[in-house]
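Starting from the known structure of chain A, fit chain B onto it as the hints suggest.
There are 2 protein chains.
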Amino acid sequence: MESSQTQSKTVVSEVVQKSTLAKLAAPRLSLLSTDQKNKALLLMADALVAETSSIIEANAKDLQRGKEIGTSQSLLDRLALNEDRIEAMAEGLRQVVELPDPIGDILEEVTRPNGLHIRKLRVPIGVIGIIYEARPNVTVDAAGLCLKTGNAVVLRGGSSALSSNQRVIEVLHEALSRSDVPTDAIQIILDPNRSSVDEMLKLNGLLDVLIPRGGHALIQNVVKNATVPVIETGAGICHTYLDASANYEMALNIAINAKVQRPSVCNSMETLLIHQSFAAEHLASIADQFTSLNVELRGCAAARELAPVIKKVTDEDWDTEYNDYILNIRIVSELDEALEHIRLHSTMHSECIITESAEHAERFLQEVDAAAVYHNASTRFTDGFEFGFGAEIGISTQKLHARGPMGLPALTSTKYIIKGSGQIRG
Amino acid sequence: MESSQTQSKTVVSEVVQKSTLAKLAAPRLSLLSTDQKNKALLLMADALVAETSSIIEANAKDLQRGKEIGTSQSLLDRLALNEDRIEAMAEGLRQVVELPDPIGDILEEVTRPNGLHIRKLRVPIGVIGIIYEARPNVTVDAAGLCLKTGNAVVLRGGSSALSSNQRVIEVLHEALSRSDVPTDAIQIILDPNRSSVDEMLKLNGLLDVLIPRGGHALIQNVVKNATVPVIETGAGICHTYLDASANYEMALNIAINAKVQRPSVCNSMETLLIHQSFAAEHLASIADQFTSLNVELRGCAAARELAPVIKKVTDEDWDTEYNDYILNIRIVSELDEALEHIRLHSTMHSECIITESAEHAERFLQEVDAAAVYHNASTRFTDGFEFGFGAEIGISTQKLHARGPMGLPALTSTKYIIKGSGQIRG
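Read top to bottom, the protein sequences are chains A and B. Here the first sequence is numbered in the numbering used here, starting from 1 and rising by one per residue. Here the second sequence is numbered in the numbering used here, starting from 1 and rising by one per residue.
Just chain A, with the same shape it has in the complex:
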């Protein structure tokens, strides 16, 4: 080994190594045809189904480890894979095949007076980093959506799903090796230490964007510490305001749906605001209905007076995303007070007014600053599938790049292509 003395001693981390491979694969991915990408997605789907037993075997190791360290039953339930869940993952990939490919779409086209022909095209972003928690279905879902949009992806899932994710990626890589898509397009970070996340947050130049998917702590860690651009997703302190003129049946149905149809998700309601006259007439029965559905109610003094079943709310409660069978209730004297409460406590995800007043509806829709603002419908509809996008990479709660449910176009950038005939600038 004659060069041993001058050999570099730099140890390249798994994160840098795999992100570099993804970066190198990205230019080739951007040139793939829709057909090439779809064929790979179908091979991936078939491979997952064919390898069901080996994936369940790997998953059993994660479950065993989870039980040993005392993981909660609800987390174990989300982690567990079975034939149906693996088939659902494969079916998700097949649905992505059916979606139109946004890459290459011409968004603008103009010929300037000097003869320059300018087109603005959709192109892949490049390399997308996804930082998420336990669920192994996110691994397949994110890989599929990134591949369809010509992006390379660096996945960093929770350590509790390590064996499952590793086996799933082996299966996907084997499928890609039989396709025109380079296997380097999909990378997974297996280092379970938090330092691997920290490293991804600062990997400007290799990662083009980070998308965190998970709970509040995970997302805030990424938003607060990343220097790579981030698409912030998820946090939802959503309000429903029952106006003086609300239709009682509709108001009750929508409020119940927004709270209990699936309390664990970001578009469910955390706080119900009620106009004082509507509350005087209906709060007692509304409180009964929620109580019978096992929802704990916490409210302001005026609310507690009308319905003693309501417990005392704290200042912190107004800013808490429960994701649980708990609901805050506040009585307001007029629309403006509801708007002000929302301005102070909303995470700008989804907000709703129930009213028969066209004027109040219009004011609410215009003045509330949120990704999705509703009149007379449940906030639970804020979802890529419900909006007709056919897919969802998450729900953006930031204002740059993408806001609200993100379909495939949220995973794209643009590029100007300019054709000339010798033009120079004067």
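Be careful, since some hints might not be right.
As the list claims (entries may be wrong) - Not close to chain B: a few residues of chain A, all C-beta gaps over 12 Å, as computed: (1) K67; (2) E91; (3) S159; (4) R194.
Claimed, not checked - The calculated BS3-like cross-link candidates involving lysine-lysine, where the alpha carbons are at most 30 Å apart (straight line), are: (5) B:K224 with A:K23; (6) B:K224 with A:K120; (7) B:K224 with A:K202; (8) A:K202 with B:K23; (9) B:K23 with A:K224; (10) A:K202 with B:K202; (11) B:K23 with A:K23.
Unchecked claim - Stretches of chain A that chain B covers, calculated by requiring three or more beta carbons in the stretch to come under 8 Å of a beta carbon on chain B: (12) 328-334; (13) 361-374; (14) 381-394; (15) 414-423.
To be clear, the hints were calculated from the coordinates, so they are not data collected in a lab. Cβ coordinates follow ideal geometry from the N, Cα and C atoms, glycine included.
Showing chain B alone in chain A's frame:
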């Protein structure tokens, strides 16, 4: 003073105080009509012209201070205001009046099978932080573009223009006080310490986006340290590739234009890549032309052999944005070598191929990953006005939100407005 013992002792910094005022003004700004905003812009323009002498007086203080601390003549030239320059600032505002207002534009509209009517509207981003260097015209320019798009703005200009900026803002505020636009919409940070910039970088929750405008060091400080979302602008290591089949006259004209028409700007050329056969025939005369225009040439060994006037290039030179009369030259054996060089050294701003081969042009346009990719035209055209946007807030070199020259839509976000008739999710 009975409450003195319990009074809060918290000192709120200028940055937090002014950003809070901007944040509080933002909701009102988002509801202004186009007419209200345009009237305010015209009042601002007239006020600048009317107050020309007091602005020049304030500017004289900056120039005096600059001379005392030995500021370079070129910086003093950029800092200096006179009647013409103030009239140009006012004229810029009048041009913004003429631009279509993007706020309220309906980008998508659909009625879902369940009857939900979903519209995606353009809305203001909220509060935009602009961090920039000496030129006082940026103060007016940025204030005008943010106002037209219904955004509040927090400006933090260079300390060398402090007196000028302060007077300009006083004039703009006085104009706003006669309009429907709240004066709090435009804020300027006067604290000249770097800590005020550092504070802005972390002001998540009050600032919705940061746009740095200035040199490499300023931009990199913002990109590397901000946790507020950033739109990265500016850095341009732009290449022009002269292919084997390039038309000599066209190639020479475009290369000269890209280098010397205005070397100090980001879309000017830093490196000329030349196919070996084209170089064998033409490099000597190309080198002569550049030399006669006072451009210093630095090149690879092959280039120096063909034109001894070329000096030796260093590894660092390929990654340097000169913004000066210096040009790197490299001979490549084929298109792929040019593509590879660009992949390694481009800042993904503007890249150009000069060729008569449709096939090579198409490969270059598809494969080069940059905000603007040219065939047979000068990279100097990457500019909001040249693209027909009528304005430019900067040229984004990142891939999220906006890429390339940014017109008014780059200063907007979107919002979904959903109208229902009692829909709940099943």
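> Going back to the hint list, which numbers does this structure go against?
Replying inline: 11 and 12
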